[in-house]
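Novice: So the chains spell out like this:
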Amino acid sequence: MLRRLIDFRMGIFLAVLFVFVVLVPAGNLAVEGRIVPSYIVALLGKYLCYALLAVALDLCWGFCGILSLGHGAFFALGGYAMGMHLMREIGPRGVYGNPVLPDFMVFLNWQELPWFWLGFDQFWFACLMVLAVPGALAFVFGWFAFRSRVTGVYLSIITQAMTYALMLAFFRNEMGFGGNNGLTDFKDVLGFDLSADSTRAGLFVLSAVALAGGLLLGKWITTSKLGKVLVAVRDAESRTRFIGYRVEGYKLFVFVVSAMMAGVAGALYAPQVGIINPGEFSPANSIEIVIWVALGGRGTLVGAAIGAIIVAAAKTLLTGWLPEAWLYVLGALFIIVTIFLPQGVLGAIEGGMGRARRRTPPKEAEA
Amino acid sequence: MRHLLAPLIALLLVCTAALAQPARAQEFERLVNALPEGNYADRGETVAAIAATGDERAVTVLTALLDGDLEQMNADGRIVILSKQGRDTIATDALTGEEIGEVGRRDTERIRVNNGLRRDIRAAIGVLSLTNPDPGRRLAAAEAGFRAPDAEQIPALEQALSTEEDGGVRLAMEQALAAAILQSDRPTEQKLGAIEVLADRGDRDAQSILSRYAADPELGEAAQAAIDEIARIQRLWGFGQDVWYGLSLGSVLLLAAIGLAITFGVMGVINMAHGELVMLGAYTTFVVQEVIRTHLPGLFDWSLLIAAPLAFLVAGAVGVAIERGIVRFLYGRPLETLLATWGVSLILQQAVRTIFGPNNREVGNPDFMSGAFQVGAMTVTWNRMWIIVFALVVFAALMALLNRTPMGLQMRAVTQNRAMAANMGIRTARVDAMTFGLGAGVAGLAGVALSQIDNVSPNLGQSYIVDSFMVVVFGGAGNLWGALAGAFSLGVVNKFLEPYTGAVLGKIIVLVAIILFIQKRPRGLFALRGRSVEG
Amino acid sequence: MSVQLYLNDVHRSFDGFKAINGLSLAIDKGELRAVIGPNGAGKTTMMDIITGKTRPDTGEVFWNGTVDLTKVDEAGSARLGIGRKFQKPTVIESLTVEENIAISLKDDRSVFGTLLNRQSAEQAARVSELLELVRLSADRRRSAADLSHGQKQWLEIGMLLAQEPELLLVDEPAAGMTDDETMRTAELLRSLAGSHTVVVVEHDMEFVRALDCKVTVLHQGAVLAEGSLDHVSANPQVVEVYLGR
Numbered sequence: 557m558l559r560r561l562i563d564f565r566m567g568i569f570l571a572v573l574f575v576f577v578v579l580v581p582a583g584n585l586a587v588e589g590r591i592v593p594s595y596i597v598a599l600l601g602k603y604l605c606y607a608l609l610a611v612a613l614d615l616c617w618g619f620c621g622i623l624s625l626g627h628g629a630f631f632a633l634g635g636y637a638m639g640m641h642l643m644r645e646i647g648p649r650g651v652y653g654n655p656v657l658p659d660f661m662v663f664l665n666w667q668e669l670p671w672f673w674l675g676f677d678q679f680w681f682a683c684l685m686v687l688a689v690p691g692a693l694a695f696v697f698g699w700f701a702f703r704s705r706v707t708g709v710y711l712s713i714i715t716q717a718m719t720y721a722l723m724l725a726f727f728r729n730e731m732g733f734g735g736n737n738g739l740t741d742f743k744d745v746l747g748f749d750l751s752a753d754s755t756r757a758g759l760f761v762l763s764a765v766a767l768a769g770g771l772l773l774g775k776w777i778t779t780s781k782l783g784k785v786l787v788a789v790r791d792a793e794s795r796t797r798f799i800g801y802r803v804e805g806y807k808l809f810v811f812v813v814s815a816m817m818a819g820v821a822g823a824l825y826a827p828q829v830g831i832i833n834p835g836e837f838s839p840a841n842s843i844e845i846v847i848w849v850a851l852g853g854r855g856t857l858v859g860a861a862i863g864a865i866i867v868a869a870a871k872t873l874l875t876g877w878l879p880e881a882w883l884y885v886l887g888a889l890f891i892i893v894t895i896f897l898p899q900g901v902l903g904a905i906e907g908g909m910g911r912a913r914r915r916t917p918p919k920e921a922e923a
Numbered sequence: 012m013r014h015l016l017a018p019l020i021a022l023l024l025v026c027t028a029a030l031a032q033p034a035r036a037q038e039f040e041r042l043v044n045a046l047p048e049g050n051y052a053d054r055g056e057t058v059a060a061i062a063a064t065g066d067e068r069a070v071t072v073l074t075a076l077l078d079g080d081l082e083q084m085n086a087d088g089r090i091v092i093l094s095k096q097g098r099d100t101i102a103t104d105a106l107t108g109e110e111i112g113e114v115g116r117r118d119t120e121r122i123r124v125n126n127g128l129r130r131d132i133r134a135a136i137g138v139l140s141l142t143n144p145d146p147g148r149r150l151a152a153a154e155a156g157f158r159a160p161d162a163e164q165i166p167a168l169e170q171a172l173s174t175e176e177d178g179g180v181r182l183a184m185e186q187a188l189a190a191a192i193l194q195s196d197r198p199t200e201q202k203l204g205a206i207e208v209l210a211d212r213g214d215r216d217a218q219s220i221l222s223r224y225a226a227d228p229e230l231g232e233a234a235q236a237a238i239d240e241i242a243r244i245q246r247l248w249g250f251g252q253d254v255w256y257g258l259s260l261g262s263v264l265l266l267a268a269i270g271l272a273i274t275f276g277v278m279g280v281i282n283m284a285h286g287e288l289v290m291l292g293a294y295t296t297f298v299v300q301e302v303i304r305t306h307l308p309g310l311f312d313w314s315l316l317i318a319a320p321l322a323f324l325v326a327g328a329v330g331v332a333i334e335r336g337i338v339r340f341l342y343g344r345p346l347e348t349l350l351a352t353w354g355v356s357l358i359l360q361q362a363v364r365t366i367f368g369p370n371n372r373e374v375g376n377p378d379f380m381s382g383a384f385q386v387g388a389m390t391v392t393w394n395r396m397w398i399i400v401f402a403l404v405v406f407a408a409l410m411a412l413l414n415r416t417p418m419g420l421q422m423r424a425v426t427q428n429r430a431m432a433a434n435m436g437i438r439t440a441r442v443d444a445m446t447f448g449l450g451a452g453v454a455g456l457a458g459v460a461l462s463q464i465d466n467v468s469p470n471l472g473q474s475y476i477v478d479s480f481m482v483v484v485f486g487g488a489g490n491l492w493g494a495l496a497g498a499f500s501l502g503v504v505n506k507f508l509e510p511y512t513g514a515v516l517g518k519i520i521v522l523v524a525i526i527l528f529i530q531k532r533p534r535g536l537f538a539l540r541g542r543s544v545e546g
Numbered sequence: 096m097s098v099q100l101y102l103n104d105v106h107r108s109f110d111g112f113k114a115i116n117g118l119s120l121a122i123d124k125g126e127l128r129a130v131i132g133p134n135g136a137g138k139t140t141m142m143d144i145i146t147g148k149t150r151p152d153t154g155e156v157f158w159n160g161t162v163d164l165t166k167v168d169e170a171g172s173a174r175l176g177i178g179r180k181f182q183k184p185t186v187i188e189s190l191t192v193e194e195n196i197a198i199s200l201k202d203d204r205s206v207f208g209t210l211l212n213r214q215s216a217e218q219a220a221r222v223s224e225l226l227e228l229v230r231l232s233a234d235r236r237r238s239a240a241d242l243s244h245g246q247k248q249w250l251e252i253g254m255l256l257a258q259e260p261e262l263l264l265v266d267e268p269a270a271g272m273t274d275d276e277t278m279r280t281a282e283l284l285r286s287l288a289g290s291h292t293v294v295v296v297e298h299d300m301e302f303v304r305a306l307d308c309k310v311t312v313l314h315q316g317a318v319l320a321e322g323s324l325d326h327v328s329a330n331p332q333v334v335e336v337y338l339g340r
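Chains as they are written, first to last, in our numbering: chain A, 557 to 923; chain B, 12 to 546; chain C, 96 to 340.
If you are wondering where the hints come from, they were derived from the structure by calculation, not from laboratory data. A quick note: this is a predicted structure, and the numbers were derived from the prediction, not measured. All C-beta atoms, glycine included, are put in the ideal place defined by N, C-alpha and C. Some hints could be false.
Stated by the list, open to error - Result set (DSSO-like, lysine-lysine): computed pairs, CA atoms no more than 30 Å apart in a straight line: (1) Lys781/A - Lys309/C; (2) Lys531/B - Lys166/C; (3) Lys124/C - Lys309/C; (4) Lys148/C - Lys602/A; (5) Lys201/C - Lys775/A; (6) Lys183/C - Lys309/C; (7) Lys113/C - Lys201/C; (8) Lys602/A - Lys743/A; (9) Lys113/C - Lys781/A; (10) Lys148/C - Lys309/C; (11) Lys531/B - Lys124/C; (12) Lys531/B - Lys148/C; (13) Lys871/A - Lys602/A; (14) Lys148/C - Lys775/A.
What the hints assert, rightly or not - Computed footprint of chain A on chain B, listed as stretches where at least three residues anywhere in the stretch have a Cβ under 8 Å from a Cβ of chain A: (15) 315–326; (16) 345–358; (17) 524–530.
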């Protein structure tokens, strides 16, 4: 079982991840003089959340050919679910001191908590919703889309419309999610102060564990017989139907799992960044996730995680040094990767080393 | 405004009147010079006499008198009209229209009027205007009378009606008369007839006049019925207005989507940079206008006509470059094409931001695009009107290009069977580039139109990309008629939802509806059907 | 002998084009049947209808005399025991040869059944046996994308057999095969008949002759003639359809 899950590159990646999990918090907390500044811990934690999000997308795009341009929506919904709990945990410490209502509701003259906020004062309930809300959306959306055999670019475009519609909705104050500003000013989680270094380190470790868990879950799914069926759906959907597999069920499964994984990533992201707002739903964000996966190498899981970290780090560095240049770089990345690196960095490196099995690049699911 | 117009008109009138009716003109001049004399009652008679001359200058003089701008020069007793120009007061000769120049407060003496006299002056102006030789002035006078109905105007209106021959002016006069009759102590039958006239007019002004009589014991019932009738008519007009707004939005969507329908529909290529090509068209318009402003200001009204072909060429050239440089390596891999063109869109956006800055750029409306006109109770703005026309013209031109020209034939041949087309000697690579360039060029044309109604900023394209994809997906790829039907039906539905749900929620509902619609018709409204499509 | 597949007065048109126009056909259990006809005769649409890919506009399609095939989708028809081989070989290119066979094995097709599936010893043996049959044992760990055209044809036949179907619908199996491979294919299909019902759509008359079975000639979406190859070859209408234009 272990051999099935941890191959060479997975082993290397997990080992490096483990080293970071030990060194980063240690460098921040234990060593005097703080070799690792606190903001770096939060930054790296954010990257790990992005990496998990990329793994989630790779699961459904890389292995099943479902190019979702709306995965940012699942990520954001997870973030909002966690954010709602964090808002409730502020309690009477808000600006208006209302023990029940978050500040923005007091500001909008709301008298009582909307029904969909009920239960979020419980941490376990919020955690459940982090999985359930993105999962349910993916299930309903996927059930409609896959059943009527919407595939290829059509599917991509309606996933984009989905996240766009959600963005418009969450921008509305009437929705009860803080409108434009989103949810912010979080104080603590489970009693731990979110601004404390120890809490940040803890969240970093938790993100790393979640990423490792996501990678292993993804590996387990894709190396199972179901994983082979997913690849069959990606390469030859029609053939797979004639073998006797109900393709829509398989797509729905991987789409929902992927959405839940994205939700977890969002839930870890919100407390580390300190805010979750409707901008996370923007179509541009969701397309950026795709380039993480494409850059790293789709259908590799580990590659997706690496791609996310590379692009996110590049974005941090470049927007700091040369803010003008970032969009040029990102744009060029999209073009270069799709034309010259169809298998991503990981594929190119392994191909160059001659170790990877000869394979044709994965074909589009669409005929 | 008036202080500019009045002297001008006066001058004009002097020239014509002096030649035509010297005797009347002399009488008029005598009466005007007599205005300062006597008490208010004498002045009232003089006003009536001035009106009776029918002199063209009378309205100007009487209006100035009414407004308290008619004064007498202390120095030479000349009657002048005062007007403010900035801080200065300028005097103009009331009879000759000659500008005398700046005067101080003590240089002139105002010709005073009281309330009774004001009423007389208004009636006199009314009569004068109602018999003015210019039908436009008569119409304006009748409309003014309608808006401020006065029983005392009745004789003037009846007199004017007896000679009026212009149908439109007659109608306006009858309506003004009806409004005045309702205020008078005329018999009830006449008033009931007046209510009918107002009901036929059917607008909000008529409604508000009628609402004053809704509680009247004798007229109440008829007035209420008329009000209800007007409300019904107004609803119909409101419906028409919504349809118009919908068509207007639809034409914008059509312009934004039609180029996409070519690249996506005909070539099967997803061009995520389409919105940025629209943006380039808008910036081309901006640049053209800047050049015209600095070098050839007289051409400003032609700026859009000059910008349109340039925008087509700029966007088309960028389109061909995208196709040759990127898209052609990715045929048969639609998802990769989507990603690569998204990269192009980011680069174009940032490039425009670098060159023109991140803020909105001002693109002016030429005269023919400004203003509005009325159709019944509907307001139609010229820019929306021309954009609808433009969208339909572009659509028709594209249909003709695809169906009637050798280039269109080649495009369709390559779409339907690439290998066969190549065997027939069609240079498919060139056709691909041309098709993509055509789609891009049309996006540039859309940018010219959008520059007239939207902010020209680097984000312009982003705001249309989802909508235009929805149009193409809804209408059915590969079919320009689908794009047309899709754009207009989405536009109209959106505008009909807005009053009930608000703009944002309406848009969300439309998006969700399209997502659900695609479940039913995965290939859109006007899908090509058959075995070949399923592949 | 009972009827395996029964089509009665089936119609189907695409945008006015009558692809199938009153087609009636009965195929017995264990029978080997060749279906021939010129291009556009409706052969592929007929298979689409039988496998649930296309719904007929009107008409009856019954499986084993009881199951209404017009209400079944592709996966459903496969689960009933209808295996289909396409004209253009379609195998799962990113998977290895043995993985292609393994996912085709008759087994639980549910999502979670597949997720938790572990290959049993019998199944492993069955994979090896099938690979032997289609002569791909040596290539079992190669990626299916690396196979030659003929090998892909064989792999697809292997996948078909792995499903243990009662009825095999085979679309132009000889296309792209060498003469030797063609004869071996005909031999294989003949040997499968009896234990399986086999319907072969074919253009290649040599191949049909080698099958040595009852032949149905389709023309314009309906049956033109039926009988032995010699019998239908002698039919003047058939000759006209094939040679007259």
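Novice: Hint by hint, note whether the structure agrees.
Specialist: Okay, the hints, checked on the actual structure:
Distance restraint check for Lys781/A and Lys309/C: the Cα-Cα separation of roughly 40 Å exceeds the 30 Å cut-off, and the hinted pair is therefore not satisfied. A distance of roughly 18 Å separates the Cα atoms of Lys531/B and Lys166/C; the hinted pair therefore holds under the 30 Å criterion. With a C-alpha separation of about 13 Å, the suggested pairing of Lys124/C with Lys309/C holds against the 30 Å cut-off. Restraint check for Lys148/C and Lys602/A: not satisfied, since their Cα atoms lie roughly 47 Å apart, outside the 30 Å limit.
Distance hint between Lys201/C and Lys775/A is fulfilled; the C-alpha atoms sit about 25 Å from each other, no more than 30 Å. Proximity of Lys183/C to Lys309/C is assessed by CA-CA distance (about 25 Å); at most 30 Å being required, the pair is judged to hold. As the CA atoms of Lys113/C and Lys201/C are separated by approximately 36 Å, the hinted pair breaks the 30 Å bound. With a C-alpha separation of about 18 Å, the suggested pair Lys602/A and Lys743/A falls inside the 30 Å cut-off, and the hint holds.
Between Lys113/C and Lys781/A the CA atoms are separated by roughly 42 Å; this puts the pair beyond 30 Å, and the hint is violated. Proximity of Lys148/C to Lys309/C is assessed by CA-CA distance (about 26 Å); at most 30 Å being required, the pair is judged to hold. Simply put, Lys531/B and Lys124/C have alpha-carbon atoms about 38 Å apart, too far for the 30 Å limit, and the pair is violated. The hinted pair formed by Lys531/B and Lys148/C meets the criterion: a straight-line CA distance of about 17 Å does not exceed 30 Å.
For the proposed pair Lys871/A and Lys602/A, the alpha carbon gap of about 13 Å is at most 30 Å, so the pair holds. Distance restraint check for Lys148/C and Lys775/A: the Cα-Cα separation of roughly 33 Å exceeds the 30 Å cut-off, and the hinted pair is therefore not satisfied. Evaluation of the coverage hint for the stretch 315–326 of chain B: breached, as 0 residues show C-beta separations to chain A shorter than 8 Å, against a requirement of three. Counting residues of the stretch 345–358 of chain B whose CB falls under 8 Å from any CB of chain A gives 13; the rule of at least 3 is met.
Counting residues of the stretch 524–530 of chain B whose beta carbon lies closer than 8 Å to any beta carbon of chain A gives 5, which reaches the threshold of three, so the coverage claim holds.
Comparing the model with each numbered hint stated earlier shows that hints 1, 4, 7, 9, 11, 14, 15 do not hold.
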